[in-house]
Amino acid sequence: MDLAPGGAELQGIYSDIEAYYGARVAKYGATPLGVDWSCEATQNLRFVQLLKVCDFSTPFSLNDVGCGYGALCAFLAMRYPDARIDYLGVDLSKAMISRARRRFRAPDRRFVVGQASPRLADYSVASGVMNVNVGYPHAVWEDFVAALLGELRRTSRRGFSVNFISDAATASGTHGASRAPRLYRTCPERWISYCEEALGCSVEPLGNYGMREFTLLVRCQRNSADPTFRD
Amino acid sequence: MGAMIKDSTTLEILVQLNRRFDQDSLPEMVELQKEFDVFSKEHSLQQSFALLGIVPADWSERKRWYRFLEFLKTYPSDLPDVNGHDRVVKAFKDGLEVEKPIPISIKCHSAADDPRVFVTEDRPVIFTLETHLIVSIPTTPGREIRKQAAEVAKKRRAAKKK
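Chains as they are written, first to last, in my numbering: chain G, 56 to 286; chain R, 534 to 695.
No wet-lab data here; the hints were simulated from the structure. All C-beta atoms, glycine included, are put in the ideal place defined by N, C-alpha and C. Please note that a few of the clues may not be correct.
Unchecked claim - List time: in silico DSS-like cross-link candidates among lysine-lysine, alpha-carbon distance up to 30 angstroms:
hint, chain 1, residue 1, chain 2, residue 2
1, R, Lys567, R, Lys596
2, R, Lys633, G, Lys107
3, R, Lys640, R, Lys606
4, R, Lys640, R, Lys574
5, R, Lys606, R, Lys596
6, R, Lys680, R, Lys640
7, R, Lys539, R, Lys606
8, G, Lys107, R, Lys567
9, R, Lys596, R, Lys626
10, G, Lys107, R, Lys574
11, G, Lys107, G, Lys149
12, R, Lys633, R, Lys539
13, G, Lys82, R, Lys596
14, G, Lys149, G, Lys82
15, R, Lys687, R, Lys623
16, R, Lys539, G, Lys82
17, G, Lys107, R, Lys626
18, R, Lys640, R, Lys623
To be verified - Pairwise CB distance ranges (calculated):
hint, chain 1, residue 1, chain 2, residue 2, range
19, G, Arg174, R, Thr661, 47 to 55 angstroms
20, R, Lys606, G, Gly77, 36 to 44 angstroms
21, G, Asn263, R, Asp570, 18 to 26 angstroms
22, G, Tyr83, R, Thr653, 47 to 55 angstroms
23, G, Glu259, R, Asp570, 20 to 28 angstroms
24, R, Arg679, G, Arg245, 54 to 62 angstroms
25, R, Glu568, G, Arg139, 18 to 26 angstroms
26, G, Asp141, R, Thr653, 48 to 56 angstroms
27, G, Arg174, R, Gln556, 44 to 52 angstroms
28, R, Glu630, G, Ser93, 19 to 27 angstroms
29, R, Thr653, G, Glu259, 39 to 47 angstroms
30, G, Ala138, R, Gln681, 55 to 63 angstroms
31, R, Pro613, G, Arg165, 19 to 27 angstroms
32, R, Leu662, G, Phe111, 39 to 47 angstroms
Full structure from sequences and hints, please.
See the structure below:
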């Protein structure tokens, strides 16, 4: 089954995700726990991996999909204080975006509520947005992941990066019929082949950074016929 | 610990610490140390543990936990001229940066037996087969502190009556 863009099933998933993270941020505030990460250090370690897709030698635009309360902005300021980055944070949760706007006020730091980025940027990153399956069957959740990857490809000029929880070492528990939120675990090959074959990208997997997860650095192939690649 | 934070908070923190530095979580901590130098002379223990999210769930206990970490600077340690705070930092830093890191456990011992922070290599519990780096913090349980305070007050009242 494919989830049609704008279809009722896809809207239902987005609505459930918004409710889930809205409740998290209401309970834990603008903290790593508010976006389901254990602490700031591990959150930052994920950012280190995701940002490896970017070329920091020249200014660039960046979409942060599922930006939460904007933790990546703080990390960019700490790690790359001199980099010129036109940042746009996108999140489903109004509560998250309102906290992000309060925390980061700058012309090149903008935030919007939405399901996908409204603009084409050089790069996109999405940290942890596919990890919490908010109660859908495995196949439906994988359709959602595929739709999200397609959207990242559509709105990224040079490349994008995403992370997943690895299915190594632990039982996946993703095939049950329960409607309770649970972790979506997968293996790199599943989504490397999707990005290469369906999205026409080249993929560099990163897995050796001490966490039970992996990051995919997805680079868009340049195609002169494709208007999105005009520099 | 003891007089500075609740006994229940001490237990909560010990569980958090020992979970984050056990065999399963060790690769993550090693990577965090490599990437961010979490434990170093440049950062206080308060900063390091806040970054790692090792804090009491109860907000009112957080300030006391951070105050306790600062207070470790007044403790002696098993190394000459190194205070308790810096000894803990050194133990974590060295433990995570060695070629073959081993799990790290935090334990408490009676301050009456030994007032120093000390570091050893041992098995923290009898059923563990792996050797851990053990950081032991001198502690006086809250009940002991309260007992001592009650005795002092009792003596003061008795002296007043005379």
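Outcome of the hint check:
no.: 1; hint: R:Lys567 with R:Lys596; verdict: 28 angstroms, holds
no.: 2; hint: R:Lys633 with G:Lys107; verdict: 27 angstroms, holds
no.: 3; hint: R:Lys640 with R:Lys606; verdict: 18 angstroms, holds
no.: 4; hint: R:Lys640 with R:Lys574; verdict: 22 angstroms, holds
no.: 5; hint: R:Lys606 with R:Lys596; verdict: 16 angstroms, holds
no.: 6; hint: R:Lys680 with R:Lys640; verdict: 23 angstroms, holds
no.: 7; hint: R:Lys539 with R:Lys606; verdict: 20 angstroms, holds
no.: 8; hint: G:Lys107 with R:Lys567; verdict: 17 angstroms, holds
no.: 9; hint: R:Lys596 with R:Lys626; verdict: 24 angstroms, holds
no.: 10; hint: G:Lys107 with R:Lys574; verdict: 28 angstroms, holds
no.: 11; hint: G:Lys107 with G:Lys149; verdict: 29 angstroms, holds
no.: 12; hint: R:Lys633 with R:Lys539; verdict: 35 angstroms, violated
no.: 13; hint: G:Lys82 with R:Lys596; verdict: 20 angstroms, holds
no.: 14; hint: G:Lys149 with G:Lys82; verdict: 15 angstroms, holds
no.: 15; hint: R:Lys687 with R:Lys623; verdict: 42 angstroms, violated
no.: 16; hint: R:Lys539 with G:Lys82; verdict: 24 angstroms, holds
no.: 17; hint: G:Lys107 with R:Lys626; verdict: 26 angstroms, holds
no.: 18; hint: R:Lys640 with R:Lys623; verdict: 16 angstroms, holds
no.: 19; hint: G:Arg174 with R:Thr661: 47 to 55 angstroms; verdict: 54 angstroms, holds
no.: 20; hint: R:Lys606 with G:Gly77: 36 to 44 angstroms; verdict: 42 angstroms, holds
no.: 21; hint: G:Asn263 with R:Asp570: 18 to 26 angstroms; verdict: 19 angstroms, holds
no.: 22; hint: G:Tyr83 with R:Thr653: 47 to 55 angstroms; verdict: 37 angstroms, violated
no.: 23; hint: G:Glu259 with R:Asp570: 20 to 28 angstroms; verdict: 26 angstroms, holds
no.: 24; hint: R:Arg679 with G:Arg245: 54 to 62 angstroms; verdict: 58 angstroms, holds
no.: 25; hint: R:Glu568 with G:Arg139: 18 to 26 angstroms; verdict: 24 angstroms, holds
no.: 26; hint: G:Asp141 with R:Thr653: 48 to 56 angstroms; verdict: 53 angstroms, holds
no.: 27; hint: G:Arg174 with R:Gln556: 44 to 52 angstroms; verdict: 46 angstroms, holds
no.: 28; hint: R:Glu630 with G:Ser93: 19 to 27 angstroms; verdict: 22 angstroms, holds
no.: 29; hint: R:Thr653 with G:Glu259: 39 to 47 angstroms; verdict: 43 angstroms, holds
no.: 30; hint: G:Ala138 with R:Gln681: 55 to 63 angstroms; verdict: 57 angstroms, holds
no.: 31; hint: R:Pro613 with G:Arg165: 19 to 27 angstroms; verdict: 55 angstroms, violated
no.: 32; hint: R:Leu662 with G:Phe111: 39 to 47 angstroms; verdict: 45 angstroms, holds
Of the numbered hints listed earlier, those contradicted by the structure are 12, 15, 22 and 31.
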